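Undergrad: Single-letter residue listing:
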Amino acid sequence: MEHAANLTELLVRQKIIAAVFIVLIFLLTIEFIRRRALKERYALLWLAASVVLIPLVLWYELLLKISKVLGIAYPPATILLTAIVFIILILFHFSVALSKTRRHEEKLLLRIAEQDERLAALEREMTQLSANLPPTKNDAPESGGG
Amino acid sequence: MSERDRPLYIVPAYNEGANIAVVIADLLTVAAPEEILVVSDGSTDDTAAVVRRTPVAFLELPFNNGVATVLKAGFGYALRHRFPYAVQFDGDGQHIAAEAEKILAPVRAGQCDIAVGYRFGKSRIVSSKARVVGRMLISGFLILLTGQYHADPTSGFRAYSRRAIERFAHDFPDEFPEVESIVLAKKFGLRLHGEPVTMRPRRGGKSSIKFFGSIYYMIKVTLASLIMMLRRY
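Those protein sequences? They're chains Y and Z, same order as listed.
Read left to right, the first sequence gives residues 1 to 146 (the working numbering).
Read left to right, the second sequence gives residues 1 to 233 (the working numbering).
The hints are simulated quantities; they were obtained by calculation from the structure and are not laboratory data.
Keep in mind it's a predicted model, so treat the numbers as computed, not measured.
Where is the CB? At the ideal position from N, CA and C, for every residue including glycine.
Just so you know, nobody snuck in bad clues.
With a cut-off of at most 20 Å between alpha-carbon atoms, the simulated DMTMM-like pairs for lysine to aspartate or glutamate come out as follows:
#1 K187(Z) x E31(Y)
#2 K100(Y) x E175(Z)
#3 K39(Y) x D174(Z)
#4 K39(Y) x E175(Z)
#5 K186(Z) x D171(Z)
#6 K100(Y) x D174(Z)
#7 K107(Y) x E117(Y)
Stretch by stretch, here's where chain Z covers chain Y in the computed footprint (C-beta under 8 Å, at least three residues):
#8 25 to 37
#9 40 to 50
#10 95 to 109
For each label pair, taking beta carbons as the anchor points, the in silico distance ranges come out as:
#11 E166(Z) x L81(Y): 47 to 53 Å
#12 Y216(Z) x I112(Y): 29 to 35 Å
#13 L144(Z) x L27(Y): 19 to 25 Å
#14 R111(Y) x D46(Z): 14 to 20 Å
#15 V22(Z) x L38(Y): 40 to 46 Å
Just chain Z, with the same shape it has in the complex:
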């Protein structure tokens, strides 16, 4: 496989000082250092220091602005460095580098522009009832808006085609992009595909979406998605 067939791994990291070294080591088994871009989202722990001791590319955002900004930075970087694909890979250690090829394959084959990896089989974790209900609501809502079922629209394990990178570098949702980016992809005419993958359980168990935030999350995502349907792209 030629050099230009290789993706950029975009790794969002917010206060992942405890996990990021292991994540980078894992990624280095499948990618060269210059193919890995860690973006610290205004971390206040030692994330930056840990990443700088490794050979991978690193961006440090001056303050926390959400994973959407991290991805915008990543897509821009992928464009400037002419990567044909990008893989979004969480910095908290729940994704497995060896599984990335599963979501990359359909993108490489030209079958889709965005492949979303969802937890499969034994790697399914016990989620709180509120989380399960929330995910069902979002999945149902997305069927209404996009006419397609998405097994886990909140998954942050994704592969992007060059076309998807170009469109998203130019226009991407803010704050919580996972669900809205699916609606936006539909508006852009990008093809989506879900792929079952094995994931590790979340370490520490804390989600970036907290209880009070989850109410705002649902309202914001619903409102933004509905208004996206009103826009012309």
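Okay, chain Y solo, but in the shape it has when bound:
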């Protein structure tokens, strides 16, 4: 009986290891935003994951209650499930963000191509215009001497 209780109750050592890991993720996320290596928009789910996981790890009664509601017999699995749900959310968020970036990339591509074409047309027009102009004072010696 005592053995079974030890199996499900999180050990202090396990709690510390999990909590330290989560706090590290949280601090790393903050530090990356501070260094501008990460935009707030893409950091929010990481921060949310840390904020949700910490009480689950440290507060065993809460973990038990949630496990009961979800019908999970082995409470630590609830922590794992929560982490997996966040990973899925983050990945999906990235897929959406990547799609948006691709859409924007295409718009930029088209805009650059259009500008290239307009610039080339403008250059042709300029060349034609200057060819049709009477020679200016600067051009005179060259055309005269030829």
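We have chain Y; now place chain Z onto it with these hints.
TA: Below, chain Z alone, put in the same frame as chain Y:
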């Protein structure tokens, strides 16, 4: 007043085809066409066509990227064309060109680097409770971070000094810049000032910040402002 004392009016416009012509006409009563820069933030309506029929300067961003990008474009333009001041002026018709001098005056006088115009007196509009609470939260939050009270930190009617333009052209917040730019100004040592102005009620009544977006707005602005306090500038 000499030519070089005149500001650039930066007008952000996102799908403002219905309002932008009136806004430009209003601005043309106080500024020359080359002193007005309309920036379309990837509008999908006829904003670009309407603006191109007017003589003002115009930038069209290839896709919608938020008012922060519009302002970055505007500050860069002001720098390249050596404007000594800039005025941020909404394209939706709620700001009044004749009121711009009120926010420009303290900047011209060297009393501040950024003057923010806030709605005053009769021009105050009835806002939803959530909006009022949100604005109070932001004002309180800004007192904590900057030690200064801001009557309307979300106002987009602002005048900038040359120094402010230079700093912001180099480094400016993204997405929703109004509140964060106040924190950033503090970090840059730029002096802020609030000036009461008359504004028109919003046309159509739709804000660029929608309900679900408003939750993200509050979280993003809070997080970004707090992290800004951790940065060295």
